[in-house]
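The opening residue of the sequence shown carries number 8 in the working numbering; numbering runs sequentially from there.
For the record, the hints were derived by calculation from the structure and aren't laboratory data. Hints are not guaranteed to be accurate.
Claimed, not checked - In silico SDA-like pairs for lysine to any residue, Cα to Cα no more than 25 Å straight-line:
{"no.": "1", "residue 1": "LYS218", "residue 2": "ILE140"}
{"no.": "2", "residue 1": "LYS132", "residue 2": "SER254"}
{"no.": "3", "residue 1": "LYS162", "residue 2": "LYS180"}
{"no.": "4", "residue 1": "LYS187", "residue 2": "LEU198"}
{"no.": "5", "residue 1": "LYS235", "residue 2": "THR214"}
To be verified - The following label-pair restraints were derived from C-beta to C-beta distances:
{"no.": "6", "residue 1": "VAL248", "residue 2": "SER159", "range": "15 to 21 Å"}
{"no.": "7", "residue 1": "GLU175", "residue 2": "GLN17", "range": "28 to 34 Å"}
{"no.": "8", "residue 1": "MET10", "residue 2": "HIS191", "range": "38 to 44 Å"}
All residues carry an ideal CB built from backbone N, CA and C; glycine is no exception.
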Amino acid sequence: MEMVKVRDAQIAYEKRGSSGPTLLFVHPPGLGRKTFLRQLPLQSVAQLYLIDLSGHGDSETINCYPLLDLFIEQLHAIIQAEQLKEVVLFGYSAGGCVVQKFVLTYPHLVKGIILSGGYPIVRTKMFRLEHQIGMYMVRHHPHALTSLLAKSHFKDRWLEEQLRQQIEAADRKTWENYYKEALHFNCVSELSSITCPLMLLYGKNATWINKHASYYHVCPQKEIYYIKGANHQLPTRWAKVVNQLTSEFITRIYDKYIM
8 MEMVKVRDAQ
18 IAYEKRGSSG
28 PTLLFVHPPG
38 LGRKTFLRQL
48 PLQSVAQLYL
58 IDLSGHGDSE
68 TINCYPLLDL
78 FIEQLHAIIQ
88 AEQLKEVVLF
98 GYSAGGCVVQ
108 KFVLTYPHLV
118 KGIILSGGYP
128 IVRTKMFRLE
138 HQIGMYMVRH
148 HPHALTSLLA
158 KSHFKDRWLE
168 EQLRQQIEAA
178 DRKTWENYYK
188 EALHFNCVSE
198 LSSITCPLML
208 LYGKNATWIN
218 KHASYYHVCP
228 QKEIYYIKGA
238 NHQLPTRWAK
248 VVNQLTSEFI
258 TRIYDKYIM
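Use the sequences and the hints to build the structure in full.
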């Protein structure tokens, strides 16, 4: 595990793989870098960076807001520390808000982005309620929410326990405010500025989330996949298809670049 200092706090991240394009993963509220344990096979095609955003997992807490600005500062610090020329960003759920904010701030550093269950704004009532329930549960029933998230993401007991330990380490104030900022996130007016290759992944059964895909039609290099029979937890429960699509996406954008 590596560390980089941001505003006098240690931010933890894990590197996997030794060659190829750089793929950097961004997790949703509470979950931490171990959300992406089933993406580790992708190290055969890319260098992987799995990050614990501040207040999550093994990273220290930074009491500074807005959080999304702070999070993109942490991504930028890792990119600088590792002397990375360009990266492909993978954002899962609310992690996609961080990814979109980053690419809009540092477009020259981003070769492509992958959003799993991504959204530029929360528009459906059920998705709004999901964020609000998350905030309530963090405040009043954090242990129950920890158990629910760990079980809903992994069937494998060992993986479930790994994720559970990460969630238990989350700073509750950061966790709640990450939900809150994602709920109020809005980059709709800027979406046409995302000109790099963009791959959107949605679970076909998660209709209250995949309805947000229509906003991305203004992005010139988008591709959208609806995974049959899948819900929202694509990186963990539908890892095989996610990894295959991710591998193909990376190969495509770098082959095009080389030509």
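Please verify whether LYS235 and THR214 have alpha carbons no more than 25 Å apart. holds (12 Å)
Per the hint of 15 to 21 Å, is the separation of the Cβ atoms of VAL248 and SER159 within bounds? At roughly 18 Å between Cβ atoms, SER159 and VAL248 fall inside 15 to 21 Å, so the hint holds.
Pairwise hint evaluation, ILE140 against LYS218, where the allowed Cα distance is 25 Å at most: holds (20 Å)
Check whether the Cα positions of LYS187 and LEU198 lie no farther apart than 25 Å. holds (21 Å)
Does the beta carbon distance between MET10 and HIS191 stay inside 38 to 44 Å, or does it fall outside? At roughly 31 Å between Cβ atoms, HIS191 and MET10 fall outside 38 to 44 Å, so the hint is violated.
When you check the alpha-carbon spacing of LYS132 and SER254, does it fall within 25 Å? Measuring from Cα to Cα gives roughly 34 Å; hence the hint is violated.
Starting from the hint 28 to 34 Å, judge whether the C-beta atoms of GLU175 and GLN17 obey it. violated (19 Å)
Given the hinted pair LYS162 and LYS180, is their Cα-Cα distance within 25 Å? With a Cα-Cα distance of about 28 Å, the restraint between LYS162 and LYS180 is violated, given a limit of 25 Å.
Taken one by one, the earlier hints fail for this structure at numbers 2, 3, 7, 8, listed in ascending order.
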